[in-house]
Structure formats: structure tokens, C-alpha cells
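Trainee: Model the full structure from these sequences, guided by the hints.
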Amino acid sequence: VDTNDAFEESTFQAKLLSTIEACRELGKSSLWIEVPMSRARLIERMSEPGLRFHHAFNGTAVLNMWLRDGESKVPEFATHNVGVGAVVVNSKDEILCVRELRKNYMPFKIPTGLAELG
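The sequence shown begins at 1 in UniProt numbering and counts up one residue at a time.
Keep in mind that the hints were calculated from the coordinates and are not lab data. Mixed in with the good hints, there may be bad ones.
To be verified - What follows is a list of derived Cβ distance ranges for each label pair:
no., residue 1, residue 2, range
1, 10, 102, 21 to 31 Å
2, 58, 27, 29 to 39 Å
3, 9, 96, 56 to 66 Å
4, 88, 62, 33 to 43 Å
5, 113, 34, 44 to 54 Å
What the hints assert, rightly or not - Calculated cross-link-like contacts (lysine-lysine; reagent style DSS-like; alpha-carbon spacing at most 25 Å):
no., residue 1, residue 2
6, 92, 103
7, 92, 109
8, 28, 73
Yeah, the Cβ is synthetic: ideal placement off N, Cα and C, and Gly gets one too.
Mentor: Right under this line is the structure:
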């Protein structure tokens, strides 16, 4: 929602539905809309065709809609990260180490990563 454009609430719903259909025709997976606080009154109308809250930040609500069949593949908004690491030792007392593909990074390290929600 662009607050700089001329805006007609009376035509908003038709434009929203047209945008959703156009995104589907283009084969898009999901639709994202940023709504500034000044247009928050429109969020209820955006929920009618299926847009849902994803997150809010600095006076802007972000809504999304999964456009394909089946369960949404859009991840939940991150509220925290959980790091994991592992030490793997084989029968020869060798430790499994991995190397990042990025340049200027430590040559080898133990396997680490972030846990996903759920």
C-alpha cells in the first residue's frame, strides 16, 4: 500500500482482488503487502480474501497470502534463533569437520546451524 498514491477506499477491494488474481496468473507462490499505520483500517478488508498477519515492525504491518494449493510454505516470523552444534567422532577417533564455501572464513569447524521452528 503506497501512501504517496492517490487512494480511493471505494475501489480498494476490487484492486486487491485483481492484484491477487494477477499474482496467481503470473505463477507467484505468495503475495506480501506492507501496510503503514496510516492505512491500518484496511487490514480487516485485506483479511477477507485470505491475507494474514506475518509480522509488524516500526509502524508497518506485513501481511501475506499463500497463492498455491496446499499448505503455506511461508515460514513463521522469527522471534528468536536457536543454534545447534555437534561433535561427531568415528571409530578411529577422527572428528567430523566441515568447511564453509565462503572465502576468508575459518578453514574447518564442527557442524553447526540454526534449528527450525517445530
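Trainee: The structure should be examined with respect to each hint, and the outcome stated for every one.
Mentor: Against the structure, the hints come out as follows:
1. 10 <-> 102: 21 to 31 Å: violated (52 Å)
2. 58 <-> 27: 29 to 39 Å: holds (31 Å)
3. 9 <-> 96: 56 to 66 Å: holds (60 Å)
4. 88 <-> 62: 33 to 43 Å: holds (39 Å)
5. 113 <-> 34: 44 to 54 Å: violated (30 Å)
6. 92 <-> 103: Since the Cα atoms of residue 92 and residue 103 sit roughly 30 Å apart, the hinted pair is violated (cutoff 25 Å).
7. 92 <-> 109: holds (19 Å)
8. 28 <-> 73: holds (13 Å)
In summary, the structure is inconsistent with hints 1, 5 and 6 from the numbered list given earlier, while agreeing with the others.
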